[in-house]
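Chain by chain, the residues run as shown.
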Amino acid sequence: MTIRNIVFLGMVFLGVVIAMVPENTTKPYKLTAEEMVIEVQSAAEMVSADNVAHWLISKDPSLQLIDVRSPDEFQKYHLENAINIPLSVILEDEYRDIVDQGVKMNVLYSNGTLDSHKGWMILRQLGFENNYVLQGGLNYWFDTIMNPQAPSVYSADEEFAKYDFRKAASGALGGGGAVTLTAPAKTKAKKPPIIRKKKKKAPEGGC
Amino acid sequence: MGPLVPQEIIGANWNLFIAFAIGVGFGFVLEQAGFSSSRKLAGMFYGYDTVVLKVFFTGAITAMLGLLFFSLFGWIDLNLVYVNPTFLGSAIVGGIIMGAGFIMGGFCPGTSVCAAAIGKVDAMVFIGGIFLGVFFFAEGYPLLKDFYMSGSYGPLKLHEVLGISSGVLVLLVIIAALGMFKLGEMAEKKWPREEY
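So the protein lines, in turn, are chains X and Z. Quick note on numbering: the first sequence equals residues 1 to 207 in the working numbering. Quick note on numbering: the second sequence equals residues 1 to 196 in the working numbering.
Next comes chain Z alone, as it looks inside the complex (with noise of 0.2 Å):
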């Protein structure tokens, strides 16, 4: 049956206005969440605060379950999932900017668009910062092109590089984000934050 959209079960405007709604129940989510707030991030690289580790990663557990049992009962065609192809080289180098950034910033993209929309003057600031960055990569590109498509692999997947069943990786990434889970949360006790 799925995926609906590849598929064209779903027409490709119902297509947008579905990406609204779960664009608008995502911000909303980061908003109740409290991601909204820059301390959030940054509380992620100093160890007082784990919760956007947990966030995310119980997100990708649920949906690589999800994913997985749709698949498994005949609703998803897994092969027709859009799958991001890998550029082993900017993507290190695209993973430490964007992470100094989070770090800098205390936003990621979408939380500074939740705390832009909430009145944050930082968070606005960060939409800039974002792009300028996107109007100097964009007009750079002719020189950063050779980098930027660099190391590329195609659309990878993490268990047939490590030639194993989807399923049994999707356990090891489970009982690794538990532990996970429970690092965060020692890291927490360890170095807390009393005026947080």
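Chain X on its own, in the form it takes in the complex (with noise of 0.2 Å):
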């Protein structure tokens, strides 16, 4: 044999082995950046507060929360069952199986929305799947989730209904809402002396 057809050979050899090996498989970003707009413009990495007061109450055991804000942070307050992995060590192989497997729903969540869609971004560009963003973050857990406001008596009646299972959630997740589940008692007991107080003090000034 020539060596004019050895190398043939050796290149239909690599030929062969080329076609039958998967394309990319160490390449770092799965997702080119025009995939990645198409994605973030779709939104649909957001999850709704109201969902994640759902699942955390029914115990979903698929909910995996990611606390992306620093230790000191996590210490002071955080939702409940949720793991600390700060943006600095997001991509550390400790980590590594949580939030890349296609078993649990991984939602991140900061204060607000920046940090925790920071922490998306980067595990959706590796191609990471069920990583998800708790809309509004921590601050507008607390304003809805943890004290609801009550709606006007105008609003729709979905909206009655969402601020049932508001204060139901607060309750069971021990937030604000719970005082206002046994409150209604004492909210009353407190109106009376206000009024009174108000009334003494119009005399006072009279005189």
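Hints in this document: simulated from the structure, not taken from any laboratory. For glycine and all other residues, C-beta sits at the position ideal for the given N, C-alpha and C. Please note that the accuracy of each hint is not assured.
According to the in silico footprint, chain X covers these stretches of chain Z (three or more CB under 8 Å from chain X) [said to hold, decoys possible]: (1) 68-82; (2) 154-168; (3) 174-180.
Since each chain sits alone in its own frame, please combine them into the complex, following the hints.
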């Protein structure tokens, strides 16, 4: 066999090998910039606070909350069963099995949504599935779930249903709503003294 | 890791230097392969010499295999490698003009510079023709612009158009190239050129 034929055979062999292996198996970023633009616009990564509250109360085993804030902030307050993966260590090997898996639904949260979105962008571009962002972050969580505001009398029935759910969720998750559930008596009791004080003050001023 | 220049692992200044070094190497190989003779390129058309086909297809296959294996090993991200956008209409007409120029002149732009470097006067005239063509194209650009931009398909990749994996396409190209090499050698026997 001449050298030329050996080279030809070698090329065909390499061609067969490359035809059989899957493409780009070790490419760092799986999604192109264009694909990211589409994903970001669709906002499909957002998970509403109400949904997360519902899953938390029903103790949905597929929910995995990930707190991307610093360990200090995590110590002060964090959502139930959340794990702390600050942004600086999100790519480290010990968390790899958590952020890159096909079973659970990871919901990233931070105080707002900026840091959680940073984390989500990194993970999504790496091609990891099942990562989501808590809509509005912890701030919105406190405003809506922990301290729900009663809708105005003219609101649609759905608003009231949402409010009732949030109140109940708040109670179950240990927020301010828990007080309001048992509170109607208390608030009613508080109101009369205030009125009385006003009544007393008025004559005092008159004297 | 790669590509090295778009990811700025190699800086812009080194990029130019490396381009220069590769250019010198390319010219050296062209000259060594005998491409500075205008008969080599013309021979491709008349069938008495198909070295050009072999050299360039071997180069293409090597590059294709290299890129795909590098990508497989994670050494290069093919999404970052620049792909020339396709303008179908102008590509076809341009190909015909350039092909005719190859046959008439016996050079391609690269080999003409190579041949001019070793003092061939016909190659220098050829280069003059290239510059004339560039001049007239640039001056006539407003008239030619619509046609120049026609049939725009963006950066097309053959395997995406055909809907097969890039690896399978490479294998097909290798087989096609080996077939063409064989055909080329048969042509060389059929239309030999004694005085060449």
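For each hint, the structure was consulted:
1. Residue count for the stretch 68-82 of chain Z with a Cβ under 8 Å from a Cβ of chain X: 9. That meets the three needed, and the coverage hint holds.
2. With 4 residues bearing a CB less than 8 Å from a CB of chain X, the stretch 154-168 of chain Z meets the requirement of three and the coverage assertion stands.
3. Residues of the stretch 174-180 of chain Z with a Cβ under 8 Å from some Cβ of chain X number 3, which satisfies the need for three, so the listed coverage holds.
Of the numbered hints given earlier, the model fails none.
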